[in-house]
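There are 2 protein chains.
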Amino acid sequence: MAMDASEETLRRAMADKQAAVDFQGNTVRDLKVSGAAKADIDAAVEALNALKLEKSSIEKQLQAAITGGSRAGSLSRDAFRQAVGNTLERRLFYIPSFKIYRGVAGLYDYGPPGCAVKANVLAFWRQHFVLEENMLEVDCPCVTPEVVLKASGHVDKFTDLMVKDEKTGTCYRADHLLKDFCKDKLEKDLSMPAEKAAELKNILAVLDEFSAEELGAKIKEYGITAPETKNPLSDPYPFNLMFQTSIGPSGLISGFMRPETAQGIFVNFKDLYYFNGNKLPFAAAQIGQAFRNEISPRQGLLRVREFTLAEIEHFVDPEDKSHPKFIDVAHLEFLMFPRKEQTSGQSAKRMCIGDAVSEGIVNNQTLGYFIARVYLFLTQLGIDKERLRFRQHLANEMAHYAADCWDAEIECSYGWIECVGIADRSAYDLRAHSEKSGVSLVAQEKFSEPKEVEKLVIAPTKKELGLAFKANQKNVLEALEAMDEKEAMEMKSALESQGEVEFHVCTLGKAVTIKKNMVTISKETKKEYQRVFTPSVIEPSFGIGRIIYCLYEHSFYTRPSKAGDEQLNVFRFPSLVAPIKCTVFPLVQNQQYEQIAKQISLSLTAAGISHKIDITGTSIGKRYARTDELGVPLAITVDSTSSVTIRERDSKDQIRVSIEAVASVVKEVTDGSSTWTDVMWRFPTHTNASTDE
Amino acid sequence: MAMDASEETLRRAMADKQAAVDFQGNTVRDLKVSGAAKADIDAAVEALNALKLEKSSIEKQLQAAITGGSRAGSLSRDAFRQAVGNTLERRLFYIPSFKIYRGVAGLYDYGPPGCAVKANVLAFWRQHFVLEENMLEVDCPCVTPEVVLKASGHVDKFTDLMVKDEKTGTCYRADHLLKDFCKDKLEKDLSMPAEKAAELKNILAVLDEFSAEELGAKIKEYGITAPETKNPLSDPYPFNLMFQTSIGPSGLISGFMRPETAQGIFVNFKDLYYFNGNKLPFAAAQIGQAFRNEISPRQGLLRVREFTLAEIEHFVDPEDKSHPKFIDVAHLEFLMFPRKEQTSGQSAKRMCIGDAVSEGIVNNQTLGYFIARVYLFLTQLGIDKERLRFRQHLANEMAHYAADCWDAEIECSYGWIECVGIADRSAYDLRAHSEKSGVSLVAQEKFSEPKEVEKLVIAPTKKELGLAFKANQKNVLEALEAMDEKEAMEMKSALESQGEVEFHVCTLGKAVTIKKNMVTISKETKKEYQRVFTPSVIEPSFGIGRIIYCLYEHSFYTRPSKAGDEQLNVFRFPSLVAPIKCTVFPLVQNQQYEQIAKQISLSLTAAGISHKIDITGTSIGKRYARTDELGVPLAITVDSTSSVTIRERDSKDQIRVSIEAVASVVKEVTDGSSTWTDVMWRFPTHTNASTDE
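These protein sequence lines are chains A and B, in that order.
Mapped onto numbering that gives the first Met the number 0, the consecutive letters of the first sequence carry residue numbers 0 to 692.
Mapped onto numbering that gives the first Met the number 0, the consecutive letters of the second sequence carry residue numbers 0 to 692.
Worth flagging that the hints you see were computed from the coordinates, not collected in a lab.
A hint or two may mislead.
Pairs of lysine-lysine residues, derived as BS3-like cross-links and limited to a Cα-Cα distance of at most 25 angstroms, are as follows [as the list claims (entries may be wrong)]:
| hint | chain 1 | residue 1 | chain 2 | residue 2 |
| --- | --- | --- | --- | --- |
| 1 | B | Lys320 | A | Lys597 |
| 2 | B | Lys621 | A | Lys269 |
| 3 | A | Lys98 | B | Lys435 |
| 4 | B | Lys278 | A | Lys611 |
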């Protein structure tokens with residue numbers, strides 16, 4: 000996140016100009032004090048004003064550079080977010096949870112249309128991933144005993160750094176306060192030296208990596224205080240983000256609400272591997288609630304305390320991460336943002352996933368395959384492909400065990416938001432649970448013919464060790480057996496040449512002398528019939544709520560009403576996602592039309608098309624506006640007893656279709672077997688003004 | 000739960016016979032002691048043995064009567080449960096959660112086939128209820144702040160009574176211990192007096208209503224101790240069954256994991272009513288996780304600590320609970336178990352729901368409509384209609400505010416299990432949240448013409464009250480205004496006749512004297528344009544996991560293998576529920592057949608049919624057995640390059656179908672548009688022994 004060249008230039012110019020203004024100001028003052036000639040003073044004032052004008056011009060350019068375009072752009076981004084948010088809340092796509100009790104930060108309900116959108120997104124996820132890829136779906140509880148999350152590392156490391164207002168006790172995320180401080184300073188203090196600006200920009204870039212001490216030092220250095228009260232802040236300290244509870248009546252079994260669904264899959268590896276006929280690769284999947292007790296949730300629907308995750312754990316032989324179906328997606332091109340482009344200040348670029356894998360930018364075929372499948376999933380939902388990029392984690396962002404990691408980031412009014420993480424986590428998770436549980440979570444590869452392998456054999460002589468080390472003999476014995484090949488072979492040659500060797504036993508905290516008669520070290524050739532190994536896991540993890548929110552923003556637009564007196568809201572959801580597929584309106588309130596509407600409704604139900612009848616007497620224009628605001632693709636207006644009008648949401652085109660044909664036309668358009676343009680050719684266009692908006 | 004007539008007779012006969020045996024035993028002893036003649040002694044012993052034989056015969060009959068059939072029946076019920084359970088666990092329909100860490104009681108995962116069954120059941124629920132009834136679906140968080148569950152009564156009353164082993168601290172449900180004691184005693188102590196047996200039976204019947212004191216007294220009276228240690232037990236005390244947690248970093252906001260999904264709907268009533276165009280009736284629905292921290296979970300999958308609920312809240316005008324679609328279901332007949340039949344010791348009887356409503360057995364049409372819809376839902380899933388009954392709550396089972404309540408109970412190896420509750424909860428929940436939140440949760444009925452109504456008007460004279468009561472005037476004023484019509488009219492006449500009256504002000508804790516000049520009480524006629532009221536709510540609540548478990552038991556059967564050497568397991572799931580709809584087997588491992596299997600797989604995917612290819616080389620019989628055990632309705636065997644065999648699971652009938660037609664045949668059978676018998680007529684039957692089991 001290097002400072003933009005033009006911004007840096009402008010900051011330098013700004014600082015220079017400020018210095019020039021200050022200097023010229025002094026000059027004017029000096030001239031006045033020394034009683035110089037009026038003409039000289041006037042000339043100096045004129046020069047000062049000219050400098051001020053130049054400064055103001057640079058200031059404007061700088062401001063524009065900082066806000067990434069123009070002030071107006073930034074304002075309209077906020078206005079856009081507000082317009083989407085208002086529509087979503089008014090039409091109950093979502094509702095702040097427990098609203099009548101003034102709500103709880105970070106908890107939201109899905110109202111009826113939101114709930115339908117979510118169900119559609121999840122059904123498509125299941126179709127696109129679980130069914131098409133033959134994944135093994137599981138469904139595990141949210142309540143999780145501590146031991147599982149101790150093994151996974153969440154008990155010790157799933158924390159954010161927190162500071163407290165020392166007087167009121169209000170809690171803040173330490174990194175958020177520092178981030179806000181830097182952003183605010185950069186936006187408002189335009190005449191700060193370019194070096195200072197670069198320092199703040201650098202902090203924003205590396206903020207996520209700061210330790211508690213580093214964060215605390217910066218907060219002190221910049222004199223950051225509690226936002227509301229301006230009180231001093233405590234030192235930062237880690238706060239675990241899991242909701243804690245206890246299981247059973249005794250209060251003795253500590254448990255947590257799961258922070259992710261993945262652990263439920265890992266602990267079932269053995270059964271699932273068996274279920275899959277003891278064959279690799281295979282993938283397991285889970286859709287379910289996850290919980291994070293955020294310190295102070297911000298960003299509305301994007302950072303919440305309870306959310307739906309859909310996670311895949313694809314288990315694969317670490318020595319063979321090829322994917323048989325990679326060839327089907329290798330040609331796909333989309334925006335990728337590899338590590339190199341990020342660190343060299345370039346931007347995301349369009350790449351072919353086949354090339355990205357063959358050039359080694361993406362670590363392996365399986366990872367590449369999932370990146371491509373995620374691309375297809377998101378764009379088919381209606382995510383704008385120009386505002387979707389795959390960003391590779393920088394080395395410092397990745398866990399030490401991860402082989403490679405890419406985030407699907409979607410641009411919305413909050414910036415680029417991580418919505419799907421696709422990580423090659425190597426063998427970390429299965430090893431962690433193997434160790435903690437004592438149950439071996441491994442796979443076997445049977446060789447078609449036995450293989451000859453050289454094996455290190457360390458054979459301590461117990462009797463000699465007992466005589467030499469008495470009570471410590473067990474520690475020495477275990478340390479000898481734990482030597483790796485290099486250590487053992489070095490000891491062997493030392494014993495052969497010198498007869499004895501100093502050997503550090505870490506469990507004793509000291510070195511002992513090992514003599515030749517105490518241990519035999521050799522290499523033996525053995526026949527092996529199978530290879531036993533811990534599978535690697537490739538994990539695509541989907542934040543369903545974030546995807547849905549970005550989809551709302553990408554689908555939203557406004558257009559003027561026919562009279563031009565107001566802006567109407569539209570969600571251009573694909574049929575796949577739309578909460579219902581069509582509405583049925585009798586043009587006027589009369590029994591005959593309502594009867595036909597009911598008849599059409601029955602045929603739509605029989606065809607499996609979700610729909611709603613609107614028999615309110617409001618104008619057809621108002622009813623269209625209402626259905627557009629819910630993103631319903633088609634509206635059927637009953638305006639005669641033989642045929643009806645079907646109107647498409649975005650084009651507002653209308654066609655006339657017989658009552659018998661209407662369900663099948665709606666079906667073929669909404670299930671994707673025909674496009675609207677296809678059916679437009681087959682039916683007469685309708686232009687009757689009475690049903691127009 | 001009156002004692003069964005024959006059991007009571009047998010218990011009396013048993014007690015009589017025992018007395019006769021004891022008497023005769025004494026007689027024998029006396030004869031021996033008094034040195035009576037050998038012939039006399041022999042005769043007495045013979046009589047004693049005859050009595051013992053008779054006693055033993057009665058004992059056997061009694062034992063049979065208690066276990067509801069025969070000992071063998073009881074044993075086979077256990078064996079059946081074990082057989083189902085083994086199959087379910089071996090084929091990963093479910094997995095004890097966190098198994099590698101030795102699990103947690105009451106937590107289970109759904110493995111791949113279980114997960115698919117659950118998804119199918121939920122999809123059908125959404126179709127049958129949400130879509131067909133135009134319900135408003137919502138999706139609320141599990142984490143719930145305390146205030147909401149305080150209002151609903153869960154914080155104070157969602158408890159079970161618990162006792163602790165006084166030495167080890169182990170916790171038990173007090174009612175379970177008493178229940179176990181009574182059952183055990185009744186089964187094993189066959190010679191107990193019939194009165195004693197009746198007492199224990201009565202306890203079993205009224206156990207659920209016992210207070211902590213009553214339970215404690217019985218536990219003391221019977222000397223019940225901790226089951227494992229025989230240590231004494233503490234007095235029973237209430238244990239709240241909600242998982243507690245805290246929300247946010249401060250630890251100050253107490254929260255719980257919701258014990259039901261209903262509250263999320265109630266708190267959103269106002270928005271949902273508006274969304275529905277301010278019209279009643281309407282229903283809202285929610286599917287989601289619920290949590291109960293059971294004291295000591297038993298009964299496997301039936302009593303768990305986390306489970307999926309699907310709940311409907313149907314809001315209706317309390318003055319009009321008719322239902323426009325009741326006529327569509329009024330003819331349905333099924334087993335009902337009304338209050339009267341239960342208390343008079345009769346059994347459930349087949350009734351027509353139309354009659355049950357018109358005879359007033361079921362409180363209203365809407366309740367009756369939902370009972371019928373639940374019947375259709377459960378039987379279409381595959382629940383045996385002979386083992387499904389609707390049991391009305393007894394007066395003492397129902398909450399005081401409930402108008403009527405029926406449970407759909409399904410019989411399985413654990414007995415009759417409550418799987419769906421259908422309750423008319425009147426206005427209780429909305430009123431509770433109105434009061435606690437201060438937000439009015441009501442509906443309006445606009446009158447077509449204004450109505451004249453008489454209204455009570457209480458107008459206190461503030462000045463006089465101030466002079467008379469000084470600092471207490473506010474309390475007096477509020478107490479006057481809070482009078483109901485009866486109180487006010489009594490005061491009015493007292494003031495008119497006596498000029499003053501004693502008036503108790505509860506907020507002051509004393510009576511004050513009210514004089515005529517302090518308050519004017521009158522009745523005025525007003526015009527009203529609308530009626531404002533709190534809607535009643537009718538709540539069908541589905542325990543999805545329990546329904547699924549009962550479905551497993553009702554669908555399971557075994558049949559001998561072809562060789563007759565083993566029993567094969569089959570789940571006769573309807574296609575609607577089956578985890579996948581068909582399997583595809585190449586008869587032998589060869590590339591040509593595998594290619595055709597893939598081609599068929601593509602056409603099945605295109606038709607939206609979930610399926611799996613099994614290319615393992617095992618015998619076709621074994622592969623059929625494997626697919627039967629998962630309840631897959633159809634299996635396609637690829638045994639030629641032009642046509643294939645389709646085999647139906649339960650009949651084992653096979654037909655030959657061309658490769659082109661296979662997907663459409665499978666589709667029409669599995670989506671229910673044709674039956675297997677229908678298609679059997681259209682295609683040649685296949686009898687080739689090679690593909691037989």
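Outcome of the hint check:
Between Lys320(B) and Lys597(A), the direct Cα distance comes to roughly 23 angstroms. Compliance with the 25 angstroms bound is thereby established for this hinted pair. Distance restraint check for Lys621(B) and Lys269(A): the Cα-Cα separation of roughly 23 angstroms lies within the 25 angstroms cut-off, and the hinted pair is therefore satisfied. Taking the CA atoms of Lys98(A) and Lys435(B), the gap is about 13 angstroms. The hint holds against a cut of 25 angstroms. Restraint check: the Cα-Cα separation between Lys278(B) and Lys611(A) comes to about 15 angstroms, which is no more than 25 angstroms; the hinted pair holds.
Of the numbered hints given earlier, the model fails none.
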